[in-house]
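Enquirer: Model the placement of chain Y on the given structure of chain F, informed by the hints.
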Amino acid sequence: MEKINLICIECPMGCNLEVIKDKDIEVKGNKCKRGKDYALKEIENPKRVLTTTVILKNSYLKRLPVRSDGEVPKSLLFDCIDYLNKIEVEAPVKMGQVIVENILNTGINIIASRSVEKLP
Amino acid sequence: MQYDLVVVGGGPAGLAAAIEAKENGVEKILLIERDRELGGILQQCIHNGFGLHIFKQQLTGPEYAERFINILKEKNIEYITNTMVIDITDKKEVYILNEKLGYKKINAKAVILAMGCRERTRGAISIPGFRPSGIFTAGTAQRFLNIEGYMVGKKVVILGSGDIGLIMARRLTLEGAKVLAVVEIMPYSTGLTRNIVQCLKDFNIPLLFEHTVIDIKGKSRVEGVVVAKVDENKNPIKGTEIYYECDTLLLSVGLIPENELSKKAGVIIDKRTSGPFVTESMETNIEGIFACGNVVHVHDLVDYVTLEAKRAGKAAAKYINGTLKRDGIKVVTINGRGIRYVVPQIINVNNSNEVTLFFRVDNIYKDCKLEVRLNEKVIKSIKKNKVTPGEMETVNIDFSKLDVKQDDKLFVEVKE
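Residue numbers (the working numbering), protein chains in the order written: chain F, 173 to 292; chain Y, 1060 to 1475.
Be careful, since some hints might not be right.
Below 25 Å or equal to it, Euclidean Cα-Cα: the simulated DMTMM-like pairs (lysine to aspartate or glutamate) are [claimed, not checked]:
#1 F:Lys203 / Y:Asp1261
#2 Y:Lys1260 / F:Asp194
#3 F:Lys229 / Y:Glu1096
#4 F:Lys219 / Y:Asp1261
#5 Y:Lys1132 / Y:Glu1086
#6 Y:Lys1445 / F:Glu190
#7 Y:Lys1213 / F:Asp251
#8 F:Lys205 / Y:Asp1261
#9 F:Lys205 / Y:Glu1452
#10 Y:Lys1443 / F:Glu182
#11 Y:Lys1443 / F:Glu190
#12 Y:Lys1237 / F:Asp251
#13 F:Lys266 / Y:Asp1362
#14 F:Lys258 / Y:Glu1234
#15 Y:Lys1134 / F:Glu289
#16 F:Lys246 / Y:Glu1234
#17 F:Lys208 / Y:Glu1450
#18 F:Lys234 / Y:Glu1096
#19 Y:Lys1260 / F:Asp241
#20 F:Lys193 / Y:Asp1261
#21 Y:Lys1260 / F:Glu216
#22 F:Lys203 / Y:Glu1452
#23 Y:Lys1442 / Y:Asp1457
#24 F:Lys229 / F:Asp241
#25 F:Lys290 / Y:Glu1133
#26 F:Lys229 / Y:Glu1234
#27 F:Lys258 / F:Glu243
#28 Y:Lys1260 / F:Asp251
#29 F:Lys234 / Y:Asp1094
#30 Y:Lys1464 / Y:Glu1435
#31 F:Lys203 / Y:Asp1426
#32 F:Lys205 / Y:Asp1426
#33 F:Lys266 / Y:Asp1094
#34 Y:Lys1213 / F:Asp254
#35 Y:Lys1260 / F:Glu182
#36 F:Lys208 / Y:Asp1261
#37 F:Lys258 / Y:Glu1207
#38 Y:Lys1159 / F:Glu289
#39 F:Lys266 / Y:Glu1096
Everything labelled a hint here was simulated from the structure, so no lab data went into it.
The shape of chain F in the complex, shown without the other chains (with noise of 0.2 Å):
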């Protein structure tokens, strides 16, 4: 048997949960049903949107902020954002312009979070 203390995010109540590996998963402490939806999703597959920069090119800005177009399991954040950390980008960049295709084959796209035009 595991215990496992979470503590619930999907709304601002913040319950405690405890969850209860066995043979089944047990949650106590939510106050709600979306409490133990939280913690079997949070105990199974754990999964973040990721963001953060990446070195550009030909731009007054010096870094281009992106995020991931999903979640990505968060067991791989570091890898991620390893892999990001190498990319460099040349402005001109549109909002929502793919960066990296399936990252890490992880099937989830890292896309520009802004715009930018080339330098004059």
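Expert: Showing chain Y alone in chain F's frame:
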């Protein structure tokens, strides 16, 4: 130079206010921004979570800004960047300074103040010790990292658990720094719960409540900080000191509305919010000078800034075309028990039947009610599982169904 409307500040408040004024028929608008581009602080807030209320999706800061910048450009609203507003008078004369135009006076029919807020610094919280490099406000570090591309340090302690501090803890960790601890003097965080989980718990960063930084070591560069537990009077307790060896200290210790210009124009500031007293139309005590966004009170969600700015833009348009009403029944809002402040402070019922009140509680309350009273009569009672000072509350009041008289008082209170 003559304009119908001058908007001071090109962040989310200024952008939304200018767009709304244009949509309501104001022709000649000038938006003035001191930075090199529009968007304000949103441009450095590269994390997601913006726009849940307005766009029903989680956008990053730059994405949220770009949507409004695009509308501003489509509507051909005039704007200038790299320009400081030096002075504003109660006659709505705006003095500006930039490299191209030099020093210029602009006459405006109406002015919208949208200068936002700035961070409290080390001086504001009086931490003793030397003044080595390596001490940054969290927002400054955020700009260095996300816009300029510089890391501020390798081993970091963060004082204050406001949202910017939490966001920076994650950001620095992802970029390879070690965040040793987030230290909070209060027994609770003023940040959003989702940020505590996603920014600290995800990376096993300790959060120390009722602790503060009592000393900074190092002469040319930070070498370490001393953290101690505090008692109920916020005084450090002897014997509880913890030494963290680190090269950087980030401060996330609160935001102050930036009202130097407002004061020059004769705008009266409410001590509770550190922003101007405003009406339901977001008008200050000076006729034709409006204010919106973080210059009025510090918001935790940009969506609410946008809503408030639209209110200001619409009202400025009414003022310019002469339909903003002066006469009418005025009601005063009062922060009752458990409430730190209420915005707007004055409501002219003639101008708007439905008014959204923005307010903040002064402590954490569980299983309570937020009650709105018109004098003695309870007109709204909202059940809450939990309210915290870190999350702004809103309530809509429909005055068309209420029998209000001049100088009636509208109380907002926490009932346990």
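Enquirer: Does each hint hold? Answer for all of them.
Expert: Taking the hints in turn, this is what the structure says about them:
At roughly 23 Å between alpha-carbon atoms, Lys203 of chain F and Asp1261 of chain Y fall within 25 Å of each other, so this suggested pair holds. The hinted pair formed by Lys1260 of chain Y and Asp194 of chain F meets the criterion: a straight-line CA distance of about 24 Å does not exceed 25 Å. Distance check on the hinted pair: Lys229 of chain F and Glu1096 of chain Y sit about 18 Å apart at the alpha-carbon level, within 25 Å; holds. Distance check on the hinted pair: Lys219 of chain F and Asp1261 of chain Y sit about 11 Å apart at the alpha-carbon level, within 25 Å; holds.
Between Lys1132 of chain Y and Glu1086 of chain Y the alpha-carbon distance is near 14 Å, which keeps this suggested pair within the 25 Å criterion. Under the criterion of a C-alpha separation no larger than 25 Å, the hint pairing Lys1445 of chain Y with Glu190 of chain F is consistent with the structure, at around 20 Å. Restraint check for Lys1213 of chain Y and Asp251 of chain F: the C-alpha separation of about 19 Å stays at or below 25 Å, so the hint holds. Of the pairs offered as hints, the one joining Lys205 of chain F and Asp1261 of chain Y holds, with about 23 Å between alpha carbons and a cut-off of 25 Å not exceeded.
For the hint pairing Lys205 of chain F with Glu1452 of chain Y, the CA-to-CA distance comes to about 24 Å; that is within 25 Å, so the pair holds. For the suggested pair Lys1443 of chain Y and Glu182 of chain F, the alpha carbons sit about 15 Å apart, so the restraint of at most 25 Å is met. The suggested pairing of Lys1443 of chain Y with Glu190 of chain F holds, with an alpha-carbon distance near 23 Å, which does not exceed 25 Å. Pair hint Lys1237 of chain Y plus Asp251 of chain F holds up; C-alpha atoms about 17 Å apart against a cutoff of 25 Å.
Between Lys266 of chain F and Asp1362 of chain Y the CA atoms are separated by roughly 24 Å; this keeps the pair inside 25 Å, and the hint holds. Restraint check for Lys258 of chain F and Glu1234 of chain Y: satisfied, since their Cα atoms lie roughly 12 Å apart, inside the 25 Å limit. For the proposed pair Lys1134 of chain Y and Glu289 of chain F, the alpha carbon gap of about 20 Å is at most 25 Å, so the pair holds. Restraint check for Lys246 of chain F and Glu1234 of chain Y: the C-alpha separation of about 15 Å stays at or below 25 Å, so the hint holds.
Proposed proximity of Lys208 of chain F and Glu1450 of chain Y is supported: the alpha carbons are some 24 Å apart, at most 25 Å. For the given pair, Lys234 of chain F sits about 14 Å from Glu1096 of chain Y by alpha-carbon distance, which is consistent with the 25 Å threshold. Among the hinted pairs, Lys1260 of chain Y with Asp241 of chain F is consistent with the structure: their alpha-carbon atoms are about 23 Å apart, no more than 25 Å. Restraint check for Lys193 of chain F and Asp1261 of chain Y: satisfied, since their Cα atoms lie roughly 20 Å apart, inside the 25 Å limit.
Of the supplied pair hints, the one linking Lys1260 of chain Y and Glu216 of chain F holds, its CA atoms being roughly 17 Å apart against a limit of 25 Å. Taking the CA atoms of Lys203 of chain F and Glu1452 of chain Y, the gap is near 21 Å; set against the 25 Å cutoff, the hint holds. A C-alpha spacing of about 19 Å is found between Lys1442 of chain Y and Asp1457 of chain Y, which places the hinted pair at or below 25 Å, so the restraint holds. Between Lys229 of chain F and Asp241 of chain F the CA atoms are separated by roughly 23 Å; this keeps the pair inside 25 Å, and the hint holds.
As the CA atoms of Lys290 of chain F and Glu1133 of chain Y are separated by approximately 20 Å, the hinted pair is consistent with the 25 Å bound. At roughly 20 Å between alpha-carbon atoms, Lys229 of chain F and Glu1234 of chain Y fall within 25 Å of each other, so this suggested pair holds. For the suggested pair Lys258 of chain F and Glu243 of chain F, the alpha carbons sit about 21 Å apart, so the restraint of at most 25 Å is met. Annotation: proposed proximity of Lys1260 of chain Y to Asp251 of chain F holds, straight-line Cα distance about 19 Å (limit 25 Å).
Annotation: proposed proximity of Lys234 of chain F to Asp1094 of chain Y holds, straight-line Cα distance about 16 Å (limit 25 Å). For the suggested pair Lys1464 of chain Y and Glu1435 of chain Y, the alpha carbons sit about 13 Å apart, so the restraint of at most 25 Å is met. Annotation: proposed proximity of Lys203 of chain F to Asp1426 of chain Y holds, straight-line Cα distance about 12 Å (limit 25 Å). About 19 Å separates the Cα atoms of Lys205 of chain F and Asp1426 of chain Y, which keeps this hinted pair within 25 Å; it holds.
With a CA separation close to 21 Å, the supplied pair Lys266 of chain F and Asp1094 of chain Y stays within the 25 Å bound. Using a Cα cut-off of 25 Å, the hinted pair Lys1213 of chain Y and Asp254 of chain F holds, with the two alpha carbons roughly 16 Å apart. Between Lys1260 of chain Y and Glu182 of chain F the alpha-carbon distance is near 15 Å, which keeps this suggested pair within the 25 Å criterion. At roughly 19 Å between alpha-carbon atoms, Lys208 of chain F and Asp1261 of chain Y fall within 25 Å of each other, so this suggested pair holds.
Restraint check for Lys258 of chain F and Glu1207 of chain Y: satisfied, since their Cα atoms lie roughly 17 Å apart, inside the 25 Å limit. Taken as a hint, the Lys1159 of chain Y and Glu289 of chain F pair is honoured in the structure, with Cα atoms around 22 Å apart against an allowance of 25 Å. Restraint check for Lys266 of chain F and Glu1096 of chain Y: satisfied, since their Cα atoms lie roughly 16 Å apart, inside the 25 Å limit.
In terms of the numbered hints stated before, the structure departs from none.
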